[in-house]
Structures are given as C-alpha cells and as structure tokens.
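Full structure from sequences and hints, please.
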Amino acid sequence: MVRVIRDYGLVDASVLRAMAAVPRHAFVPRRQQSEAYDDTPLPIGYGQTISQPYIVAEMTRQLRLKPGDKVLEVGTGSGYQAAVLTEFTPNVFTIEIIEPLATAAMERLRRLGYTTVRVRHGDGYNGWPEEAPFDGIIVTCAVGQIPPPLVEQLAPGGRMVIPVGPPYAVQSLMLVEKDADGTVRSRSLMPVRFVPLVREEAAAR
Amino acid sequence: MTTSPLRARAAIFLVALAVIVFELTLIRILALRWWHHLAHMVIGVALLGFGVSGTFLATVRRKVERDVSGWLAYLSLGLACSVPLTALVAERLPLEVAFLAWSLRGELWRIGLLEAALFVPFLVGGCALGVALLDSPERLGGHYAANLVGSGLGAVAAVALMWPLDERGLVAVSAGCAWLAGALLHARDGAARLISIAGTAIATALLIFTLPSEPALSPYKMLAQARLAPGIRTLARARGPLGHIEVVAAPALHYAPGLSLRCTVPIPPHALMILNGDQTSAIYDARERADWAFMDWTTSAAAYALRRRPSVLVIGAGGGADVGLALLHDSPRVVALEMNPQVIALMRGPLASRGGNIYKRPEVEVVAREARGYLAHGRDRFDVIQFPPLDAFGASGAGLLGAQESYLYTVESIEAMLDRLTSDGVLSMTRWAKTPPRDELRLFGMAIEALRHRRLDPSPRLAMIRSWATVTILVSPREFTPAERKALRGFCRSRGFDLCWLSDMRPDEANWFHVLERPYYFDAARALLGTHEANLIRDYLFDISPVTDDRPYFFHSFRWRAWTHIRRQLAGQAPAFLEVGYVLLLAALLQAAVLSVCLIFAPLILRRGGARGMPHAGRWLGYFAAIGVGFMVLEIGFIQRLILYLAHPTYAAAASIAGFLVFAGVGSGTLRAGSSHAGRRASVTAIGLAGLALVYLMGLDRWLAITQGMALPWRMLIALATIAPLGFLMGRLFPLGLDEVERMGPSLVPWAWAVNGSASVIATLATPLVAMRIGFANTMMIAVAAYFLAGLAGRTRSSRAAQAGCGRERFAPGSVEACPSGWGVRGQLASEVREG
Chain A
1 MVRVIRDYGL VDASVLRAMA AVPRHAFVPR RQQSEAYDDT PLPIGYGQTI SQPYIVAEMT
61 RQLRLKPGDK VLEVGTGSGY QAAVLTEFTP NVFTIEIIEP LATAAMERLR RLGYTTVRVR
121 HGDGYNGWPE EAPFDGIIVT CAVGQIPPPL VEQLAPGGRM VIPVGPPYAV QSLMLVEKDA
181 DGTVRSRSLM PVRFVPLVRE EAAAR
Chain B
1 MTTSPLRARA AIFLVALAVI VFELTLIRIL ALRWWHHLAH MVIGVALLGF GVSGTFLATV
61 RRKVERDVSG WLAYLSLGLA CSVPLTALVA ERLPLEVAFL AWSLRGELWR IGLLEAALFV
121 PFLVGGCALG VALLDSPERL GGHYAANLVG SGLGAVAAVA LMWPLDERGL VAVSAGCAWL
181 AGALLHARDG AARLISIAGT AIATALLIFT LPSEPALSPY KMLAQARLAP GIRTLARARG
241 PLGHIEVVAA PALHYAPGLS LRCTVPIPPH ALMILNGDQT SAIYDARERA DWAFMDWTTS
301 AAAYALRRRP SVLVIGAGGG ADVGLALLHD SPRVVALEMN PQVIALMRGP LASRGGNIYK
361 RPEVEVVARE ARGYLAHGRD RFDVIQFPPL DAFGASGAGL LGAQESYLYT VESIEAMLDR
421 LTSDGVLSMT RWAKTPPRDE LRLFGMAIEA LRHRRLDPSP RLAMIRSWAT VTILVSPREF
481 TPAERKALRG FCRSRGFDLC WLSDMRPDEA NWFHVLERPY YFDAARALLG THEANLIRDY
541 LFDISPVTDD RPYFFHSFRW RAWTHIRRQL AGQAPAFLEV GYVLLLAALL QAAVLSVCLI
601 FAPLILRRGG ARGMPHAGRW LGYFAAIGVG FMVLEIGFIQ RLILYLAHPT YAAAASIAGF
661 LVFAGVGSGT LRAGSSHAGR RASVTAIGLA GLALVYLMGL DRWLAITQGM ALPWRMLIAL
721 ATIAPLGFLM GRLFPLGLDE VERMGPSLVP WAWAVNGSAS VIATLATPLV AMRIGFANTM
781 MIAVAAYFLA GLAGRTRSSR AAQAGCGRER FAPGSVEACP SGWGVRGQLA SEVREG
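Order-wise, the sequence lines are chains A and B. When we follow the working numbering, the leftmost residue of the first sequence carries the number 1, and every step to the right adds one. When we follow the working numbering, the leftmost residue of the second sequence carries the number 1, and every step to the right adds one.
Just so you know, the hints here were simulated from the structure itself, not pulled from any lab data. Just so we're clear, the structure is a prediction, and the values are computed from it rather than from any experiment. Heads up, the beta-carbon is just placed ideally off N, CA and C, and yes, glycines get one too. A couple of the hints might just be wrong.
Unchecked claim - Simulated DEER-style distance windows between Cβ atoms: (1) R568/B / A26/A: 31 to 37 Å; (2) L108/B / T115/A: 38 to 44 Å; (3) P350/B / P156/A: 27 to 33 Å; (4) G490/B / P156/A: 22 to 28 Å; (5) P156/A / H532/B: 41 to 47 Å; (6) I202/B / E107/A: 52 to 58 Å.
Written as structure tokens, this is what we have:
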C-alpha cells in the first residue's frame, strides 16, 4: 500500500511512515478484509466509506501537522483517519453523527491502542467549540457546504482539508487556510498533477 | 385451444398488460433504489427473456400444442408468482452500484443474481404470449391484437396507477392481472386446476405481503443519508408518475449548498425536500424578507448585483430558495416554474407555513409547467431568469447521470430563455464546480453558441464567476456596461468569489480567492471565445462541445480517447472519473450481444443445425433483423422527440409505447391469415414505411412545434394520432414476413424469431449510444435505411417465391416451429429503456 502511495508521487517520509504504521485491515469490515490494502475506498456501512489510502495520505500531508497540534476530524467513520493522525499528534478529536459508527470506532481505537483519540457522537456541523481552535480540521463535505462554525474554529495559520465528491469517488481535495490575521482563502487540489488538455500533456512529455 | 376466443383474448390482454405494468414498475423500483443507470442493463436482460421464450417454445412445441389453453393458464399463474418474487429480489438484493468502478469483482455476482431474477418473469410472460400464438390460424389475428392492445394500454395504465399506488400496489396489479388470466382459462377445468388457482393466489398474496412498502435505498442516496440523522422526522410524502417526494427535517440536517466561506449570516431552520431519494432542495423557514439574506452569499445572487427590483422567472422552483432570493431583492413579480404538481401541492398545502408561505405570496405566480413548453409559448419577458436548480451533488460528481438526456441543457433551450428576457435582462445559470472543470465550460460554450446564433458578439454579453463550490454564468442580450461590470467585481470581492470571465478582465484578476493550480476557467473562457475554441474542444480531456436538442446528453462528457491519459495521470484515482451511467450502457450492449448468441442462437444451432441450404434464407433473416432494428430505433427516436413535446419522459414513453403497440396491433389484426403474396406485400409495406418515416423525419419537429402550446391531453392525442400511421404499417411487417418464411420452410421460423429478437435488443441498447455520437436525427435515418433494406430483401424473395409457387397455410397446426411470442410487447419493453 505504501508503495502505491509513493507511486502517486507522495514522498513525505512522515506520512508514509504513518500509513505503514496503522493496520488498515483492522478498520475494514470482515467481508472486505481481502481488499484492505487495495488502493480503493471500501464501504463500512451506513453509506460511509473508509477512504482510498492515497486520499487519506494526501489529506494527512496537506494538514502539515506538528507534534502537539490540535486536530479535529468531522466524520469518524471507522476511525482509520483518526488513527493515522495520531501518528503525528496525540491531540486528535473526532465527531461522528451516526451513533453505531461512533461507538464502534471508539471501541476499535481503544482496542488498537489509540487511546488519545477523543471520539464524540454528535453533529459535526457545530464543531467542538470547547476544544477550539484547531490547527487542522478534516471534514467530509457531503452536500457542497462547509459549516461556518468549523471555519471559525480553525486557528490562525490553521489548515482545513475537505475531500470533494461523493464518498465512493473523491475527485479532488479542497484546502481552506486561515491567515494569521484571520483571512480565509481556499484552494482546490487535484490529488495528483492533472493536466486537462490532452495535447498539452503530450507536448510536455 | 378449447377456450372461447373471447376468453383467450381476455387472458392474452391481461398477460400483456401485466408484463408492461411490471416492467415500468421495475424501472421505478431500480431508479428509486439506485439511479436510472441500471435500467438499460436490466431491460436488456428482460428483452432477452422474451427472445429466449421463442427458442424455448420451439423446443417444447409439440407438448404445448396438445394443451395450449392449459399451458397458457399455467404460465400466467407462473407469471403471477414470479412478479412479486422478482420485485422482492430487486428491492432487497444488497447490490451497491456506486462501487462498480472500484470493485466490479465484489458486485458482479449480485448483478448476475439481479439479472437472473429479472429474466424469469419476462421469460415466463414471453412464453405465455407465445403459447397463445400456437392457437389455430383463424384466431391469431385477434390474439395478436389482444397482445398489442394489452401492452399498449398497460403502458398508459401503469403511469396512471403511479398516482394512487406505491410500488407494492403496482406489483399487486401486475401479478393480479396475470393471475386473473390464469384463472379465466382454468376456471371451468376441474378440481385440480381450481386448486392450482387457489394455491397461486395464496402464494402470490403472501409474496406481495412480504414486499416492503418502499425499496431499500442505496445508502449513498441523499435520503438514506438524511435518515441517519438523529431526530429525523418525515413531514410529508407524495408520489406520482414523476417520482417520490419525501420531506424530512432534523436538527442535524444542514443544507445551504455553495455558500461563501465568508458568510456569517444565519441560515434559517429548514427541511429537506428529496425527490426520488436524491434530488434535494431545502424549504427554509424564512418568516421575514431578511431571513433570505444568506442566499445573497451564493453565486446565484450575482444577477441581482446587476438588476434592481427585477421581474424574475425561476425555473425549477422546488422548495423556493431562488424565489426567496428574488423576494430579498424586492422583485415585484416572480414566476415560479415547477413541473411537478405534487411539489406545488405540498408547498401550498402542508408545507406552506414552514416555507414562509412563499408559494402564496402575492408577488409570486406559480406555474405548473415544464420549462421548455413554458418558454416556447408564453409571452412574458423577465429581467432575470434563474436556471436551473443544482442537481444531486453525488450523482452529478460520479457521472451517474452520464446516459441521461436533458432538454433543459441544450443550446436551443438557452436560446429560448434569451427570447424571454427583456432587452437588458440577465440569464443566470449555475452548476457545481468540478475539478477539472467540465459541465461549467460546456454550458459557457453553449451560451456562446446561443448568442452567436442571434448574431450577437458573445464576449461582452457574458460573465462567469465561481465560488469554491459553484460556477454561475450570466448571459445578457445586450453588452454589460462598465457600471455593471464594476458591480459584479464588487459582488465577487465582498463574497470571496472569483471572476472567470468579463470582457474587460485582466488575467491577473483571475484565481484569487479559491485558488486553482492554474486559472483554468479564465483560460478556457478566453479560448472558447477566441480562435482556439475548436482546439480546446478537441484537446480537452472531457467532452465540452455544445449540446443540442438533437444530442441532448449534457451530462455525458466522458471520452474514451482521453481514458488512457486519465489513467496515466491519475493511476488509482482514475475510477473516480469514470462515467458509470455511460459505461453501464456499453456493458449492457455487450452483454445483450453475448447472451443473444448464447441463449437464442446456440440452442437453435444445437437443435437444428441452422438454416443452411435454404434458398434466400439469408435475405429473409436480414429482413427480420432490419425490421427489428427499424422498430426500436423509430420508437426510441419518437420517445426522444415526445419528451420535449409532452414535457416529461414518463408521458413521452407512455404515449409512444401505447401508440406504437396499439396501432401495430390494429395493423397486424387487420391482416388475414395465409394472405397471398405476403412477401411482396411485406416488401411494399417496408418501402412505404421507409418513405413515411423519412417524411416524418423532415416534418415532425415543425408539426409538433405548431401544436406545442395546447394542453397536455390534446398533445397526448396529437402524439397518438401522429404515431398511428407508422404503428399501423410497422404492425404488419412481422406477420407478413412470418407468413412468407412459413411458406418457405417451417425450420426458418425460429431463426426469424431469434434474429428479430436479437436485433431488437441490440438496437434498443445501441440507439442511445449511437445518438450520443451522431444525434437523434441521424440515428432515425438508420430506421429509414433499415426499413428500406427490409423492403429490398422482401422484394427479391417475394417474386421468386411466387414463381416457386410454394404456399402453405400460415401457422397451420403443426407447422409452427417457434412462436412469434409477443413481438410487439418486446418492442414496447425495449422502448421503456428510455423512460427513465
């Protein structure tokens, strides 16, 4: 799996190390075990997925986390992304609105030794105001909306990463940055360098 | 058959009706569970069920002929049982089509199981109708007619029944009709058969009882996701031929798509109105005018930065958010166009107060009409036209709509909207922003095309802006003034929106707030408006060429020739860009071709060794292939044309199917069995039909345009009357050809049936694919050519056949090797592929 991620051009050693450290199969439903390390998203029930490994790695890289940073994840799912984040910082907060998923993720993370992750069952729209501000936020953007409270809870200099597209086909990432003065800017990131013109690409080779 | 003709025909009518009602119900169930894109594959299999029934009956013919009535009765009862059983599988099978692009391996066996389940009732239904045609020759004309009329009326009945009945009710009607057919034939035939009637009734009723009241939705559909929210409540429900509506609310449901990241204005509490489980609009509880202020933080509000207190036309008013935006800007008059009467009834009834009574405001005029019909025949002009509501975020992004046509997103549609603007009006069109851009650039190119058709310079009449989520294109019949351009710049700056095109825009103004790797939109807009337009369209990874009424596939932007580039660039990310709807259509065609060979031709070859050695067999098999292709291409082409005329695919499919089948039934029913010179008559009819189809092709659009302004029932009648001459002639070709082939040699009959069946199935699935490439007008020419070739084939044989003097009674007992079972029903089934 790590080799596949590297093939995309992602060479950040800390991210690759984190991806290698977390056992993805432990976060995948039993009937998907054989595909646990394939480079595909996998269903985990309730219309949620465990993201494609490369997307997880790229989102993690985009957060540029430092030890001690506070990071919020909206949409815990299986808990896999939260586990990867703990390889960078123990201060991981994650919210899941679907109760069975939240409960299962809480149990799974504890069982696997990710004891610093704090899981909450609730509406991620409102963020986690008691723990704000956050240096990094990952949010699943289901219907083309970024909750304003999350933007507010982003620390100056913080980065928010949003996968864009339906859960089974994330097509790009969005990065929201808050400057030191509180100004918010956003960027659209293709997961890999993507040239939309056939001819241009041919010319570049 | 010992049963009276009347009773037999009543049974045939009921079975044909049951089959088509079930087929329409299945399309609806599958569209609700997933999206419309499985329909092609499923209907292809269903049609094969009919095809295989011919081969099956050829094998067991001698047994069947001993008790035609009994077989028909048992098969009808079998159909009654298989209908709810198949519905149960279709509603409950845990298949997840959303993952097909990623993991075909995991889902393949489930697709196979679903198709096998769908195959059974159509095989049984096809066999039942086929058995009926093994009756004595003098009865066949009436039997044909009963079959076709039953099918035609079944299409109309199914649509009408979608108002009062849910899917379970529709399944019950279909199964009930099949059971009644069996009961009619068995009723006087002794205790054993009475027991089978009762037993079937109980089994069918039990199966229907186990059906869920609604199909299990894909968990990736919006409604399924919403239902997971804590405290979810269903506020209202409605259903009809246009779909299911469910209105839900929960504290954790938030919906304000595309809102600026800078928006700090509160969003009023809201409910979600979800159509067919996915298409969502919000009903905001906006009590005061100021409560709509959040809508001013979307790119859709740009038009109001240019026009003060405008009169507004909102296309697809839904929950009323765009109407609220107009009221926020003091619009003195808002026409809210909503084609679904149930949405209007909900907004005026149980949801009126929740939506701030927006549909009842004195400034708001609600019109229940499809947009193209309204645009073509109204007279009012507007300062702002808002079009259209955003489609479902997930379905749009994943290419699930790829094979779905839309007459709203065409150059002609934009021209019609421009015609309804005041001299300084503004057309505002909003789409999701995609990475890389696709639909948005295509729409921009279509606006350019529409303006050029009016001999207007597009550059100063166009503007394009984008947020992180949406792109809005503004089009005006006159040039934007410097003051307007300044206002638009101010609007964008304050909200953090990016300018993508203004005629005086500098390159350094692009790509400021939501930064892309390059200013793709500005670069593309400049290319589309300049001399590099053709190069850009040719070289772009996705198809962004303008879409017209003749090729109305706005959502289909996938290019095979770009696939290698996409794969090379994106590696494992590539499946995310695969257009699932389109690929499934291709897969369905491939599957139909393979299964035709395996299930229809192979058994015939194994059993009889083929039709080699028979003079002119090839020509006549060509005839049957040609009329199979011609029938389906013409019918699907008509459905396409009528979508625009009758304002909805469901109405278009119902009118077209009913028209073609009923009049084909009349055409075949008026033939006398064993008529002389059948080959020559077939030839003349086919050539006449080719000529008539050509006349239609040249004049149909003009004729329909003249009557477009009439009320829907009148337009329905006109559509039926227009179809009548074609359907009448089409209905005669199969029996005439069969008559001739029967004279040549009975062993050729199953081959004729097989070739015709396979050609019909393949044509059904190939027609939309061909139309995507060459347009419907050119595709319809294929039908003309097919009938012309059929005429030539028939002509050659007929003269020689006459010389040879071969002639036996058509369908003489013992002579029919395979049964032309339900060939008309098959046609109608196939055309239903387009219904979605």
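Evaluation of the provided hints:
1. R568/B / A26/A: 31 to 37 Å: Taking Cβ atoms as reference, R568/B and A26/A lie about 33 Å apart, which means the hint holds.
2. L108/B / T115/A: 38 to 44 Å: holds (41 Å)
3. P350/B / P156/A: 27 to 33 Å: With Cβ atoms ~47 Å apart, the hint is violated.
4. G490/B / P156/A: 22 to 28 Å: Once the Cβ atoms are compared, 27 Å apart, the range 22 to 28 Å for P156/A and G490/B holds.
5. P156/A / H532/B: 41 to 47 Å: holds (43 Å)
6. I202/B / E107/A: 52 to 58 Å: violated (47 Å)
Violated hints for the displayed structure, listed by number in ascending order: 3, 6.
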